[in-house]
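The task is simple: from the sequences and hints, build the whole structure.
Protein chains in written order, with the working numbering: chain A, 1 to 193; chain B, 1 to 627.
The reader is advised that the hints may include incorrect statements.
Calculated pairs, DSS-like style, for lysine-lysine (alpha carbon to alpha carbon, straight line, at most 30 Å) [to be verified]:
1) A:Lys94 / B:Lys53
2) A:Lys150 / B:Lys402
3) B:Lys133 / B:Lys83
4) B:Lys247 / B:Lys53
5) B:Lys179 / A:Lys36
6) B:Lys320 / B:Lys351
7) A:Lys150 / B:Lys283
8) B:Lys44 / A:Lys150
9) B:Lys402 / A:Lys36
10) B:Lys151 / B:Lys104
11) A:Lys150 / B:Lys296
Just so you know, the hints here were simulated from the structure itself, not pulled from any lab data.
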Amino acid sequence: MSHSVGDGTVKNKRIGPVTQLVARVEELEQLAQELKNEYLRALADFDNYRRRNERDLEIRQRERLDALMSEILPVLDNFERAMGTGTDNADALKRGVELIHRQLCDVLVSYGLKPFSCLGEEFDPRRAEAVGFVECEHDNVNRVVEELGKGYECSGRVLRPARVKVGKVADSGTESPNEEVKEIGAEEDESNS
Amino acid sequence: MSKVIGIDLGTTFSCVAVMERGQPAVIPNPEGGRTTPSVVAFGKERLVGTLAKRQAVINPTATIYSIKRFMGRRYPEVTEEIKRVPYRVVESANGDAWVEVDGKRYSPPEISAMILSYLKKAAEAYLGEAVTKAVITVPAYFNDSQRQATKDAGKIAGLDVLRIINEPTAASLAYGLDKKKAEKIAVYDLGGGTFDISILEIGEGVFEVRSTNGDTHLGGDDFDQRVMEWIIEEFRREHGVDLSKDKTALQRIKEASEKAKCELSTSMETAISLPFIYADEKKGPLHIDTRLTRAKLESLVEDLLQRTLGPVKQALADAKLTPRDIDEVILVGGQTRMPRVQQMVRDFFGKEPHKGINPDEVVAIGAAVQGAVLAGEVKDVVLLDVTPLSLGIETAGGVFTKIIERNTTIPTRKSQVFTTVEDNQTTVRVHVLQGEREMAADNRTLGVFDLVGITPAPRGIPQIEVTFDIDADGILHVTAKDKLTGKEQSIRIAASSGLTKEEIDRMISEAQSHSAEDRRHREVVDSRNRADTIIYQTEKMLKELGDKVTVDERQRIESAIANLKEKMKGEDKRSIDTAIDELQRQMSIAGERLYRQTGAGGGQSETNERNKKVDADYTVIDEEEKK
Chain A
1 MSHSVGDGTV KNKRIGPVTQ LVARVEELEQ LAQELKNEYL RALADFDNYR RRNERDLEIR
61 QRERLDALMS EILPVLDNFE RAMGTGTDNA DALKRGVELI HRQLCDVLVS YGLKPFSCLG
121 EEFDPRRAEA VGFVECEHDN VNRVVEELGK GYECSGRVLR PARVKVGKVA DSGTESPNEE
181 VKEIGAEEDE SNS
Chain B
1 MSKVIGIDLG TTFSCVAVME RGQPAVIPNP EGGRTTPSVV AFGKERLVGT LAKRQAVINP
61 TATIYSIKRF MGRRYPEVTE EIKRVPYRVV ESANGDAWVE VDGKRYSPPE ISAMILSYLK
121 KAAEAYLGEA VTKAVITVPA YFNDSQRQAT KDAGKIAGLD VLRIINEPTA ASLAYGLDKK
181 KAEKIAVYDL GGGTFDISIL EIGEGVFEVR STNGDTHLGG DDFDQRVMEW IIEEFRREHG
241 VDLSKDKTAL QRIKEASEKA KCELSTSMET AISLPFIYAD EKKGPLHIDT RLTRAKLESL
301 VEDLLQRTLG PVKQALADAK LTPRDIDEVI LVGGQTRMPR VQQMVRDFFG KEPHKGINPD
361 EVVAIGAAVQ GAVLAGEVKD VVLLDVTPLS LGIETAGGVF TKIIERNTTI PTRKSQVFTT
421 VEDNQTTVRV HVLQGEREMA ADNRTLGVFD LVGITPAPRG IPQIEVTFDI DADGILHVTA
481 KDKLTGKEQS IRIAASSGLT KEEIDRMISE AQSHSAEDRR HREVVDSRNR ADTIIYQTEK
541 MLKELGDKVT VDERQRIESA IANLKEKMKG EDKRSIDTAI DELQRQMSIA GERLYRQTGA
601 GGGQSETNER NKKVDADYTV IDEEEKK
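Structure below.
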């Protein structure tokens, strides 16, 4: 029971459990609303940040491409000079082409490109792609015996695997394991005819 | 709950995706590819994906591809398929088709599990957490045994397969078609090796497969083959050499054919250039240098395209529907990038097909969508609005200073500090505007209010913080607060208040068309503002220094000021800037002499401090003072 003193102030008011709960609920509802707002703002911030990030990435990609292309333009110029020269001198032309080749290599190397060769190594699909077999001596089995295309790596990862042929001993037999199976790959052209 | 990944376990390629905050993300493999070849190879080590493919030619009996064709199948069912593969397929104890490599036997689920395991690891590396749950897709025509085999594969790979869903359903989910009330959907899936057509019906969020059909051996590879044959034939006609016998040349031609085919999806013509393709004993080195037009390509593959229509018509007949009954058409599979394919589908169904999502990834994305729903994530995804137009205030010179850029996600809050433009200015007017033009007068007024009671001070000294706050309901609150006194005033505006999309678009396009002249105008205003500031500082300094400045110097400075004031009236930015430079030059001549004479830099540095502060802020116009 509450007493009220003459001046209107209420002393010793015993707050009932229901009133307490109601007050608590209101308090929590307000807190929930505040938290929800904070959460929505955080979500929106994240969204805005993500979008800005994407934009920056696009810009940076474009800048990188522009830089690379600008450096290749002089190579183009030199090719056009080579094509425009009306010379019959095959040696001179060849020399010129070699110079241009070196110029292009220099540009690409400056961007981290490195050629590599797998000749003589054991075949590793991480570095090479096999396009066929070549008959060889026993100690060359499963080694890269012929290289039809160089491999290239850039900043430590393989950009393009080398294109190779792998050694196998003659008559080591890749017989078709299933009856009437047409073998593909090494024997493809035979089955197609 | 951990993230649920979506996996498209395809015949030739697989793809894995996951939903992140409502956005689908396709997960790249360690080799950097967004799709992974469905190939497994046994040898010195076990290889999966691109690596396995690289040694397929030299290891044909132990390189398993297209295992999907054997999933959940019994040995007698697949005799035709067995003929097409170089690896050994055997009958297991219970009559199923299994593969045998080097005397060891593997069930197709075991092989598929190796691919799934590879994708699982890629997902874990990408997400930085363990992945244990997945949704995997299967063709709509897969029977119970085939579906169970897929589920088993998941289990062997350590994945809890929450659901197996149909590929056409997944594609529909990716395009959000599950939100549709009741529609009939046709999914045209032309991949690398197979063609599938599915007719689905969506109702109340549930997909039902009405019919399916297709061709299990028709795909992009066949299209490549046609181009290859054309190149070889052309070469034979010109040089009398049959390149199909030369394995090395064949490889290059195959690659060039695929590349050309892809390029012709975006160009009308492409060059096929293969220098030094063959070394002829008599003729020397021979080159392929030819052009392939889109029209020619289309004629080379027209019969293949027509072949897809048969199954489509049959599927419609089975579903008792006509092309006109179909509400939505979806394109799946890389080959559907070809314009002729899209045109054919468009003509057949009489409507534009959905193709906005990468057709190689759409099924995996749909599976990821389903995964997110099962993970309970979809509840959490909140759709947030963006402000359609920029918001800001009017500042010195009638300029519009943006505070919140358009297309910013809301709710958001941004503040900027401004200052006064006149000495002893005690009121600032905050004119809130919306739009994209450089000048305030060209933008839309949202509201105006004044902040009064600013302590009198020289211009540029007071700090008025203006805050723009848009809440989750889109209501804008603009507050101006005097940081010294703490006094603040604010206004509440319903931001977009009635602007239609057309009006918004118009405002944006107007800003774009006027952008050059707007920018020029603004630059003039900026120069004028700078001039104003410099004149103010200079006049103040002249007063302070009194007769420390020589008569000659004072005269020169004052004439420079007069000149600048004159130039400010005009629109020529360059002449204003030149006049500013001249004034500054006169000032520094006098200043240098003073400095040398008095030996102290006191007066000067004080001015510099104030210079810095004023230059950094924009000034707020007080319209009342101007009158």
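Restraint status (C-alpha distance of Lys150 of chain A to Lys296 of chain B at most 30 Å): violated, 33 Å
Pairwise hint evaluation, Lys53 of chain B against Lys94 of chain A, where the allowed Cα distance is 30 Å at most: violated, 38 Å
Hint consistency between Lys150 of chain A and Lys402 of chain B [alpha-carbon to alpha-carbon, up to 30 Å]: Since the Cα atoms of Lys150 of chain A and Lys402 of chain B sit roughly 55 Å apart, the hinted pair is violated (cutoff 30 Å).
Given hint Lys283 of chain B paired with Lys150 of chain A - CA-CA distance at most 30 Å: Given pair Lys150 of chain A, Lys283 of chain B holds - Cα atoms ~26 Å apart, limit 30 Å.
Given pair status - Lys351 of chain B, Lys320 of chain B, alpha carbons within 30 Å: This hinted pair holds, its Cα atoms lying about 19 Å apart.
Restraint status (C-alpha distance of Lys247 of chain B to Lys53 of chain B at most 30 Å): holds, 17 Å
Agreement of Lys151 of chain B and Lys104 of chain B with the hint, judged by alpha carbon distance not exceeding 30 Å: holds, 23 Å
Distance restraint between Lys133 of chain B and Lys83 of chain B, which requires alpha-carbon spacing of 30 Å or less: violated, 36 Å
Restraint status (C-alpha distance of Lys44 of chain B to Lys150 of chain A at most 30 Å): holds, 24 Å
Straight-line alpha-carbon gap Lys402 of chain B to Lys36 of chain A, limit 30 Å: holds, 28 Å
Holds or violated: Lys179 of chain B to Lys36 of chain A, with C-alpha atoms at most 30 Å apart: Cα-Cα ~27 Å, so holds.
Comparing the model with each earlier hint shows violations of hints 1, 2, 3, 11; every other hint is respected.
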